[in-house]
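Chemist: Using the sequences provided together with the hints, build the complete structure.
Sequence lines, in order, name chains A and B.
Each residue of the first sequence is one higher than the one before, counting from 11 in our numbering.
Each residue of the second sequence is one higher than the one before, counting from 228 in our numbering.
There's no promise every hint is true.
Between beta-carbon pairs, the in silico distance windows are [what the hints assert, rightly or not]:
1) B:I396 - A:V249: 37 to 43 Å
2) A:V249 - B:V601: 42 to 48 Å
3) B:L427 - A:E96: 21 to 27 Å
4) A:V249 - B:G534: 34 to 40 Å
5) B:M257 - A:E96: 55 to 61 Å
6) A:M257 - B:G279: 36 to 42 Å
7) B:G434 - A:A95: 54 to 60 Å
8) B:V601 - A:P190: 31 to 37 Å
9) B:L533 - A:K243: 50 to 56 Å
10) A:A139 - B:L427: 41 to 47 Å
It is worth saying that the hints were derived from the structure and are not from the lab.
Each residue gets a CB set at the ideal place from its N, CA and C atoms; glycine is no exception.
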Amino acid sequence: MKTTMMRTILAAVVIGFAAPALAAGDTATPPAQKWSFNGPFGTFDRAELQRGYQVYKEVCAACHAMKYVAFRNLADPGGPGFTAAEVKALAATFEVTDGPNDAGDMFKRAALPSDKFPSPFANEKAARASNGGAYPLDLSLIAKARVNGPDYLKALLTGYTAAPAGFALGEGLHYNAYFPGNQIAMPQPLNADQVTYADGTKATVEQMAHDVSAFLMWTAEPKLEERKRMGFKVMIFLVVLTGLFFMAKKRIWAKLH
Amino acid sequence: MADNNSGFMSNPLVKWIEYRLPVFSTLDHMVGSQYPTPKNLNYWWNFGSLAGLCLVIQIITGIVLVMHYTPHTSMAFDAVEHIMRDVNYGWLLRYMHANGASMFFIVVYIHIFRGLYFGSYKAPREILWFLGLIIFLLMMATAFMGYVLPWGQMSFWGATVITNLFSAIPVVGEPIVTWLWGGFAVDNPTLNRFFSLHYLLPFVIVGIVILHILALHQHGSNNPLGIDTKGPQDRIPFHPYYTIKDAVGVGAFLIFFSFFLFYAPNFLGHPDNYIPANPLVTPEHIVPEWYFLPFYAILRSVPDKLGGVLLMFGAILILFLLPWLDTSKVRSAKFRPIYKQLFWVFLLACVGLTYAGGLPPEGLALVIGRVCTVYYFAHFLILMPLVGWFEKPLKLPASISEAVLKTEPGAAGSKA
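Modeler: What follows is the structure in structure tokens.
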């Protein structure tokens, strides 16, 4: 099934995308995007994360694992905002291996909200074997493991173009201006209308790339909203406290002369 | 009883304890009303207490992090993610600890440069200066080993590069590296011993800090004028004057710290450390944490490995000779017109080294690194002794109180 998916993606038409003409080997700088989670009061856009999860589940998860994220996290505050019931139903659509049972056997069961996202491959060797030798990375932390992670991810996902004339593309590799070395084993993963968004949003490549990049930022930094909210309170407290200290200092030192 | 005019000391319970264990009078002598301090200390003198605060923050957050961490190559990275995702306020603890290390170095670097500017290393404070340098060396070792614990790509490759430096030692280099690793590569034994030492060394630092404070109290703080206090008119009790002034500094420092902690917690880190350690994949460009970059630049400025290692360690060890390399009897740069200029050039060279250390050692970065390395050593070995001899210092004020009253009537917080 996975290889069918791979072939579908492989066979997908490469859409010409506006990218600056680059000399071979140059890595383009991803353009800065507007993200709802930027800035001191930034928060995740729930609908965007839900759409991003859908893209991840229906496209990325075919090859990429996400082993640090559990289904229950989808209902955590500051996340995509699924309800507990939705998460339970969603988890149940996946199958995980559990065990050993009393007879000493491993067995399959429906996933529970407490389970981590099941990985598509048993191990790295299996993943490489199915992907022409390339290893689809675990995506849990990818947005923090790259410089300007969300910008880079969106640029990468929308940055597939035909290789410029004279560029020697390796066999089974694809041209992408934003990937270091410009040759990436992953075929263009997103194509227009690849997913049918539950909320009716039009699934352009740009839209899907934006949604899934935001989702990946959330999986990398699930406590972002809590952090920024606490930061604001702490800052207010510290500014008042420092002000009081400063005034006290002035009064105490005034006695000196 | 040390403090007779304090209501606190006349409390019956306090008196009862004090009679049996003189803890209150001891504290009062250390950081209280019985510790006389020059009256003209400016805000640059806040960084000693701030460094102490950083050490306490690191120890407390570290002890709690250890409760949730597993020092094993196959579990360390996952354990850190467990802390970030599942431990209550684990993200706060870990970001405090990681950014706290950077804050500690910022504070200590300012503290050191303050000492350089105002001549705080000169007689009779040479041992105070040595103890500070020992703390600095211990901090570097602790920070380096701490950075290895999350077992990310930079952890692993940083550990590999730095431990490999010892292989430059002739004859015994390779055996020493094997001994440090506990094997033939950076692996689980390395991680385990780094964890053990990372937990131990902060407490060694606490011990040296106590000696550092003991040495400080022997002759008291230096001051922006660099002249000795001549009598009671030059001094004020540490409490309440400097306790409240330090409190202002603590508040301002925590605002600065909180900015990174809450709004840019990964700004001072490296993205590659969110990739699990992989001995088979070398990162394109291995860099240490920012606070090691000047020394990394010195290391890579020398084409010879052993030479680079010696020069890098020499860059710190040379600071131990500073009390004798600086031939001037005048402490404060305020009265040293030439040294004052050279201080800023030296600071610029250190910034240049930091810049060069963060880039691959080629082209302009290598040139900048080399020029700054030469200047770094020339500053201490050539300029400091010569300037001390040839410079004509300005006239020193007769006393602190005279200078303070003359320059800033009505305001005690001299800005030097």
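Chemist: Could you run down the list of hints and mark each one as holding or not?
Modeler: Outcome of the hint check:
no.	hint	in the structure
1	B:I396 - A:V249: 37 to 43 Å	violated (52 Å)
2	A:V249 - B:V601: 42 to 48 Å	holds (44 Å)
3	B:L427 - A:E96: 21 to 27 Å	violated (49 Å)
4	A:V249 - B:G534: 34 to 40 Å	violated (50 Å)
5	B:M257 - A:E96: 55 to 61 Å	holds (60 Å)
6	A:M257 - B:G279: 36 to 42 Å	violated (24 Å)
7	B:G434 - A:A95: 54 to 60 Å	holds (57 Å)
8	B:V601 - A:P190: 31 to 37 Å	holds (34 Å)
9	B:L533 - A:K243: 50 to 56 Å	holds (53 Å)
10	A:A139 - B:L427: 41 to 47 Å	holds (45 Å)
Comparing the model with each numbered hint stated earlier shows that hints 1, 3, 4 and 6 do not hold.
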